[in-house]
Amino acid sequence: MKLVILGKGGQGVLFFSKILAQMALSEGKSVKATEIKGMAKKGGVVEVQMKIDEGLSPLIKRGEADLVILLSPDLEEYGKTFGQKILKFSEEEIKKAFEKVPQRLVNTYLLGVLLARHKIFDKKTALKVLDEENKKSFLKGFEDAEKNVQSQDGDFT
Amino acid sequence: MLKRLYLSGNEAIAYGLIEGGVRFLTGYPGTPSSEILPTAQKLKLRYGFKGFIDWAVNEKVALEMAFSASLCGVKSAVTMKQVGLNVAMDPFLNAAYVGPKAGFVVVVADDPGPHSSQTEQDSRLAAYLAKVPVLDPSTVEEAYLFAKKALELSSEFEIPLMLRTTTRISHGKSDIAVPEEFPQEEFNPSFKENLKNWNIELQRLAATPKLRHLLHKRLNEKLDALAERNKPRFFYQGDILILTSGIVFSYLVELIEEHQLENKVTLAKFDMPFPVKYQKFSEFKRVITLEETSPLLELFFDTEGRRNGLVPKEGELTPEVCEKIFSKLGLIPEKKSIAIPPLKRPSLCPGCGHRIGLFALKKVFGKKAIYCGDIGCYTLALNFGVTDTVFCMGASLSFATAIKKLFDEKEKEREVIGIIGDSTFLHSGITPLIDAYHYKVPFLLIILDNETVGMTGNQKTPAHKVSYEGKPLNPVKIERILEGLGLDFVKVVDPYDYKETLQVLKEAKEYLKISDKPCAVIMRHPCVYTREGLLNNPKRPVQILEEKCTGCKFCLSEFECPALYFDESSEKVCIDKTLCIDCGCCQFVCPKKAILEVKA
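Residue numbers (my numbering), protein chains in the order written: chain A, 915 to 1071; chain B, 535 to 1134.
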């Protein structure tokens, strides 16, 4: 599986990639990843490319990612150069995340949304690698999104 | 017993070096090499072994220190980025002649692309020039294994080893197996213990030119022995042979398997691209070399590659580029390339003290002054017109000295300013300043002192008082260096105090008119990218008065804070509260006085 995670500094790109890698490793799968974060804080883009259970190098050829996870909506055009399947969080979802959990747990809430909408990992795997606090936040996101997925049948392009 | 860890290439190198017995590790930060040394420090804190692991003032000093540790029988290593090796070339070449006593590894991180460097030079060629064997890992796991291998070979042959990594390896991550138990290493520095044979030792440690010839001969013998042993590893069976080393090997394996070319292409992987022994490969239809970023194996084995235009002469050999080369070879159909939209350019962090300090500088000296910039975060002052040159570490002050001298000779009035960060100043800014003082060159020296090496991830500088182990250090005071040299205008300001900063800069401007010496203004404000810097930063929240903002965009173009943006619907500037850290500096910028501090 080839994943690309894109966002700006401070949006949790590295957090997302770390948890995704931990999930893969806990399932006994290999992980190859590359982080470009040189000037993240300086308004630059943070980009993680990750290959799970395949390949020798971390790089993903343009157009060949299985899923592009966008944490910053204005990177969509750039994200599409990696692959057509884009996952982004709606403004509503992000608003909800901030309402439901404290700020430091927003990312795990969104991780829950991600796994509900796109089953790249089993829910159980996520619960295995997260601590108690993050688990709760993850489950909230997962359950909220699941309701949504059932009613809208997903909204990623 | 082994355990699996998820490590970056740089972390993996640190594990390899420390496990391999390195007990003296130093270097100078530089992307993409900076994370090796801090990882080794963490290992030292965790396992509590004896030795020295910390930054040096520059790469030349670092290499000399590490090499001399090896002469004391302590395994040592030094880390730097590729342009850092240029700074350390003198001791690097010499180390090969003299030869280390305990294992000695020079870790150099190249940056094909380049992603964050001045050049995309290939350090394997520097190794060739220095006659130093070089290992070139193709994966994160190999980076770890080769770090240990380099130490073994260095110890066995008494020759320095280069471990050449690249951005994709250094910043790549992978799960790798490391031993559960921490390997012990004897720590027993010794020097001049055996006085009886000391004269023989001196022939090596302090060799005169006559003896250098002999050392050179010995070095060549070591290289021949290593080359004899150095065989490529072959993969697949096709009649096109591709010689390769480094990460390009990994891309090629993936492409060959993706396109099922196992019967069309043979790969010859060189773990050690120098020294090699010539062989002909005449059983193959075509022989090609794919390597980053200059021809090395291609020259040795006289193959196709960059010289016949098959491989681009510049840029990273990404998987896409390798795929294109496969199309050119007729192995796969041509693919349409995907155009990549440009991304927003980086700028100084919101609240960075450099921004307001440099804005004040521009305000006092105007656009006509010559701003010689340097390497660091503040290179980004280019974006808002306070940097005219960016060259290499320390060059701001050599440039300012020479440019000002030229105008003086012509008796032409020109204000020249050298802008340099605290760490860069200590790295290589002091030496040009000695000439500036000696030759009576009155330029303005601006030292942007954020008390850290900002651009590369906040490593410590010699100004720090406590080491990572909590031991006291002697903090180096930049103002004392300047005063000691003989400068009599040395002022320190906090650029957040805008009025005071303007005042000091005006005084400096007047001083320069009558002086025949450089004068210095140190703008000192802690980096807000550090936790402490951010926590202790003054809070001066501001608001933009909508009725006063005319939408002139002066603040955006002349100050360029990422937290300020232009709202297209209202045609006014707004504050992005998710980015703003309430530094309040923008209140001094607006020509319409539309940005006001919110009083509590």
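Source of the hints: derived by calculation from the structure; they are not laboratory data.
Ideal Cβ positions, reconstructed from N, Cα and C, are used throughout, including at glycine.
Possibly wrong hints are sitting among the right ones.
[Stated by the list, open to error] Here are some, though not all, of the chain B residues that point toward chain A, as calculated from beta-carbon distances under 10 Å:
1. SER542
2. LYS744
3. HIS747
4. LYS751
5. GLU755
6. LYS756
7. PHE1100
[As the list claims (entries may be wrong)] Ranges between beta-carbon positions, derived for each pair:
8. LYS901/B x THR995/A: 52 to 60 Å
9. GLU762/B x MET915/A: 26 to 34 Å
10. GLU762/B x GLN998/A: 51 to 59 Å
11. PHE583/B x SER1004/A: 47 to 55 Å
12. LYS1127/B x LYS1049/A: 49 to 57 Å
Hints versus structure:
1. SER542: 8 Å, holds
2. LYS744: 49 Å, violated
3. HIS747: Hint violated; HIS747/B Cβ to chain A Cβ min 44 Å, cut 10 Å.
4. LYS751: LYS751/B check fails; min Cβ-Cβ to chain A is 41 Å, beyond 10 Å.
5. GLU755: Violated: closest Cβ of chain A sits about 36 Å from GLU755/B, beyond 10 Å.
6. LYS756: This hint is violated: LYS756/B lies away from chain A, its Cβ roughly 32 Å from the closest one there, beyond 10 Å.
7. PHE1100: 15 Å, violated
8. LYS901/B x THR995/A: 52 to 60 Å: 38 Å, violated
9. GLU762/B x MET915/A: 26 to 34 Å: 44 Å, violated
10. GLU762/B x GLN998/A: 51 to 59 Å: 52 Å, holds
11. PHE583/B x SER1004/A: 47 to 55 Å: 52 Å, holds
12. LYS1127/B x LYS1049/A: 49 to 57 Å: 51 Å, holds
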